[in-house]
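Undergrad: Line order of the protein sequences matches chains X and S. Residue 65 in our numbering sits at position 65 of the first sequence, and the numbers go up by one each step. Basically our numbering = 1-based index in the second sequence + 1000.
Watch out, some of these pointers could steer you wrong.
[Said to hold, decoys possible] So, partial list: chain X residues that the calculated Cβ filter (under 10 Å) puts toward chain S:
| hint | residue |
| --- | --- |
| 1 | TYR164 |
| 2 | HIS205 |
| 3 | GLU206 |
| 4 | GLY210 |
[Said to hold, decoys possible] With a straight-line cut-off of 20 Å between C-alpha atoms, the simulated SDA-like cross-links for lysine to any residue are:
| hint | chain 1 | residue 1 | chain 2 | residue 2 |
| --- | --- | --- | --- | --- |
| 5 | X | LYS22 | S | LYS1246 |
| 6 | S | LYS1022 | X | ASP100 |
| 7 | X | LYS22 | S | GLY1195 |
| 8 | S | LYS1246 | S | GLN1212 |
| 9 | S | LYS1022 | X | LYS22 |
| 10 | X | LYS22 | X | ASN129 |
| 11 | S | LYS1022 | X | GLY38 |
Everything labelled a hint here was simulated from the structure, so no lab data went into it. For glycine and all other residues, C-beta sits at the position ideal for the given N, C-alpha and C.
There are 2 protein chains.
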Amino acid sequence: MSDHSYPRYSYQVLPREVDLTKRVTIITLGDYILHAAGEDADRIGFGVNHLQEVGNSTWVLSRMAIEVDRFPAEYERYTIGTWVGEINRLTTTRNFILHDAQGRQFATATTQWAMIDMQSRHPLDLRENVNYAAALIPEPCPMDRPAKIARIEGEEVETHRVRYSDIDFNQHTNTMKYIQWMVDTLPLEYLTERGLRRLDINFLHETRYGQQVVLHRASTDSADHFEGVLLPDQTPVCRALFTWCK
Amino acid sequence: MSDHSYPRYSYQVLPREVDLTKRVTIITLGDYILHAAGEDADRIGFGVNHLQEVGNSTWVLSRMAIEVDRFPAEYERYTIGTWVGEINRLTTTRNFILHDAQGRQFATATTQWAMIDMQSRHPLDLRENVNYAAALIPEPCPMDRPAKIARIEGEEVETHRVRYSDIDFNQHTNTMKYIQWMVDTLPLEYLTERGLRRLDINFLHETRYGQQVVLHRASTDSADHFEGVLLPDQTPVCRALFTWCK
């Protein structure tokens, strides 16, 4: 199957999206991957705005993984190709392949979603949805699935109060903000010299404006493992695994 | 003079750029205003990359003011028109008018810059630069100039450590991050109900990765006044005045 069987969305790295290496940050790349997911969901008739209006349902992101060979530089143009890759009873997979302007693949991503009823908050059976099933493209997932990340007993590295600039229109924390909070606790040279190879994230619980999240971190030779827990009851909200190139 | 005498740059409000009112944030609007300034400076041959390479000089933003009648909604397209409006010995003014897709003006901005020598850090005399003088468009400034904001003795509201996600490629704090830190200390209803009418900012001193900035705030009936000072010596780094619609 040709790699043009799925749509590709075009973006460009803006000056405010690069870090001190003059390359796009993982946070921006994750934001645009989710933006492409939204654009493509709109295209196939399953965008959140539409779902919420007509179906009283919405998407919830449960896992995400991103693998990066090269972070594009300021002003570089790139595309994000995306497709629905798998439909199970309670979850569906959306995959992504990122190409630069020369057509070279530089990153891949995969995400796992549930569709929930907005009143009951229960997941809906996606196999029963014939229109959604029609959107599936039987292209293999371009990378290992997002890891299920275990609890950690790491050092407490930061307490973050959820602020205005963290939240979306539902007053929930924006997905990539958890990653930003984690990245902001890391030594600068991890991002500029060691280099991020792969990021796995598990989203476990939503957080809201004004709540406090404590971040724990445990490090190994090749990876940093994070868990965010909500105060005061220590409910886990998010876990992530940063795997470094060196 | 027609309002088409200056170039206009086109943008669109992305989902991740809106707040809980589903309208673009002042932080995003400020970022795009500065982005348009950069695009237009590149066009006239005075972009920072070019200045730093060939002239060993760079731009420093000293003041900024933004007035907003209406914040565009998610997915709205808008343009930012911008031009060099005034050239003095040590500073130059760049103005902005923002229009929505229907051609209605919804915001204005004005900024004051110095061009400095990168070694000596001294400002250069802009009147001597004939190529820069040629870029001037004698269109009046669309609003009152940015206020010179006095010292304040307000309450201490936050201490912020400058992080990875705050800094640009020079490891200096990104311009609009100061505003984000301030906005994040305000009650949510200021942004969603009172509504921002005008923002004045004075940039006094650069801050770098790892430094700590203490924010002070003083409130009046119609405005909130901020000052950020660097620890440990209390050097003022930024002052801002948020004026509310009600």
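Undergrad: Against the structure shown, which of the earlier numbered hints fail to hold, in ascending order?
TA: Per hint list: 2, 3, 5, 6, 7, 8, 9, 10 violated.
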